[in-house]
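Undergrad: Protein chains in written order, with this note's numbering: chain A, 1 to 409; chain B, 1 to 409.
I should point out that these hints are in silico values taken from the structure, not numbers from a laboratory.
Cβ coordinates follow ideal geometry from the N, Cα and C atoms, glycine included.
Treat the hints with care, as some may be off.
[To be verified] The list that follows gives simulated cross-link-like pairs (lysine to any residue, SDA-like), each with its CA atoms no further than 25 Å apart:
no.: 1; chain 1: B; residue 1: 362; chain 2: A; residue 2: 99
no.: 2; chain 1: B; residue 1: 71; chain 2: A; residue 2: 7
no.: 3; chain 1: B; residue 1: 230; chain 2: A; residue 2: 155
no.: 4; chain 1: A; residue 1: 352; chain 2: B; residue 2: 238
no.: 5; chain 1: B; residue 1: 163; chain 2: B; residue 2: 238
[To be verified] Taking CB as the label site, the calculated pair distances span:
no.: 6; chain 1: A; residue 1: 380; chain 2: B; residue 2: 382; range: 51 to 61 Å
no.: 7; chain 1: A; residue 1: 387; chain 2: B; residue 2: 23; range: 28 to 38 Å
no.: 8; chain 1: B; residue 1: 355; chain 2: A; residue 2: 186; range: 42 to 52 Å
Protein chains: 2
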Amino acid sequence: MKISTDAYKGVRDFYPDDYKIQEYIFDVWKDTLQSFGYEQYDSSVLENAEIFKQKSGEEIVNEQTYTFTDKGDREVSLRPEMTPIVARMIAHKQKELSFPIRWFSMPNLFRYERPQKGRLREHWQLNVDLFGVDNKNADVEVISIASALLKSFRLTDDKFVIKINDRDLINDTLSEMGLDEKQAKKITKLLDKKNKINNFDELASEIIGRDFVWKPEPNEKITFIMNELKSLGIENIEFAPEMVRGFDYYTGIIFEVFDTGKENNRSIFGGGRYDDLISMFSNEKVPAVGFGMGDVTLRDVLETYDLVPEFQAPVDLYICVLDEPFIRAANIIAKVWREEGLHIVVDITGKKVGDQIKKAIKLKSPFIVCIGENEVTTKKVVVKNLETRKEKKLKIEKVAEFVLKSVLG
Amino acid sequence: MKISTDAYKGVRDFYPDDYKIQEYIFDVWKDTLQSFGYEQYDSSVLENAEIFKQKSGEEIVNEQTYTFTDKGDREVSLRPEMTPIVARMIAHKQKELSFPIRWFSMPNLFRYERPQKGRLREHWQLNVDLFGVDNKNADVEVISIASALLKSFRLTDDKFVIKINDRDLINDTLSEMGLDEKQAKKITKLLDKKNKINNFDELASEIIGRDFVWKPEPNEKITFIMNELKSLGIENIEFAPEMVRGFDYYTGIIFEVFDTGKENNRSIFGGGRYDDLISMFSNEKVPAVGFGMGDVTLRDVLETYDLVPEFQAPVDLYICVLDEPFIRAANIIAKVWREEGLHIVVDITGKKVGDQIKKAIKLKSPFIVCIGENEVTTKKVVVKNLETRKEKKLKIEKVAEFVLKSVLG
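Could you put together the complete structure from these sequences and hints?
TA: This is the structure we're talking about:
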């Protein structure tokens, strides 16, 4: 009996054509964050389970994460999110680190639940965090990065909207309404579901014992942030007073980016301020703003709007070998051309020339060169453009420059 | 009680300065493999445990890998090695794929044993494989990539030696000596330890019942491969008749790269031909040659020979803001400069100018610009080189070009 060739349930194999899309996403994430001076960090997939239990609760960690006990009796999780980990890392070196800190990472994260569209058991997530600035300009910076990222993926402003709210505004408004802590908590939970349920008004009125009207005006903080973002040309921003975002650890501004497509009115990603998280590990408070952007939804958005670019072929120049003894010469020439910057495959199969050319076409190599006795003697080769079928005879030492010019456009 | 900030036992946190070394290693791996026309692929960290059991045995998998049973009663492992996974992926699409296939990946791998120097519970490994070519030139190509990789890390030929042997030569020689299968297997296992034990001759003679002399001559295959590699300028290659390499799945040429340093006479990495592995999954045989190179040993080698390069600062130009209301103007200018290719941090702390400059120096930013009323009115800024302390007054639209020229050298 042969073993099954399927991947494990709910995760993905990335064949080269799939991996190119992942790589494109990783490259854009990285280039954009580096343009804002953010530095990349990483952690292990394996993390002490304890740090996720504090905020999410024992039950959720046991049920929704991959968690097990190792031989040393340590409870270990496959990281389900990065924020508690980066908080741990910051706390670990709090004394030596110089704040403000601008960091990003692109970890794979794990969740242990039934796989469904858009929710896999393993996904990658860009994590962006700014630590050590408690003023509104930090929120402006982080939200402007969120916008810059989507624009770097060539998503135009009409395709997405950034919704913004403030946990302080929610708390202040509920407190002004005279609600006690318990009622406020219930209303907040309900607000989070407002757009998904029909009987919000009814349920809310039940909680507070009178009619519930939710029409807070944006506070000074929200107004400032929206104005600053608009001055940076970010017009697709909206005050969303009913938006709560589930995570317990947010303490101020929260934001969420939505696809504006009629059929795809989905949340793409979001984030906010979480000033208390580092106190899980440390007595000193460190203000923090950040967000996470997952690869699965993003890839879906890019595919919906046909924004996945065409990728370069893995080979710039394919060397076909006219007769097996010339494989050595082909290898020597390839070595020189590689050192000059070309991506080169030498055909070492010993197959017929026609089959070698077919393979070059299959690999979408823009150019091919055949090497045999004549080429070795004259030190000249014919470079053939496989698309235009044009040929050019060149000295061996002129080939790399010629191909590079054409490949780089 | 605060939660511990330590990482899980036997794994690493990568703070930005550590991550830069990882990134350097990943970049060199990738650039080198792409120059040979190899395409990147990946799989999930989670893999059905079964595929590792076939070759390594149930016991080893249970004891030395992270393996557990999920809610769906599937036995799942954190991938301990990539070779069985890539074999599975090839078998899964064997009909659609066009051979030969040149693939590489850079997975993190997991082993479940007591961490020790050079052996962590999570490490990264470059995996290089050439599928579908059963001739000697495939072995030549793969070994020449192994050499090219170390040279790309600026390791000169005198620092390492490539040892080569052939499983066929071992088997043929033992068979010519008249050994039965059981004896041959025992001798092979013993050969693998030859350089680590004192009483090899004694033990070997015991197995075969007479004096054991091991002096095979290189066969035609080994001679061909060594000659081809020498023609490519790879002189640091040695025939090593006692080398076996532990893995069961090798079927032909095997090679291993050693550090030649007197105090560090260690194995850096190795590989070989494994023509039978894909038959775990498929009825069709697919010849394969490949190797894996781990990040932990490599990093150690680079550090030993002082070959870790200096890294670029995360910031090209730091913007200090003279007065808080000008943060907006600074953000607008930064946006333009970023679009022109610069990595820029705007100081949004509202701190004194002296403190802002200190932060720029801490980040090793090569340049700083201060923005206030005067700069906004005149549309000119003073660009200061923080190393030479030289200053230059420039129109805002000329700054990016000036800084880029200097940063790119």
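Undergrad: It remains to establish, for every hint, whether it holds in the given structure.
TA: How the hints compare with the structure:
no. : hint                        : verdict
1   : 362(B) / 99(A)              : holds, 10 Å
2   : 71(B) / 7(A)                : holds, 17 Å
3   : 230(B) / 155(A)             : violated, 52 Å
4   : 352(A) / 238(B)             : violated, 34 Å
5   : 163(B) / 238(B)             : holds, 5 Å
6   : 380(A) / 382(B): 51 to 61 Å : holds, 55 Å
7   : 387(A) / 23(B): 28 to 38 Å  : holds, 35 Å
8   : 355(B) / 186(A): 42 to 52 Å : holds, 45 Å
The structure does not agree with the numbered hints 3, 4 stated previously, though it agrees with the rest.
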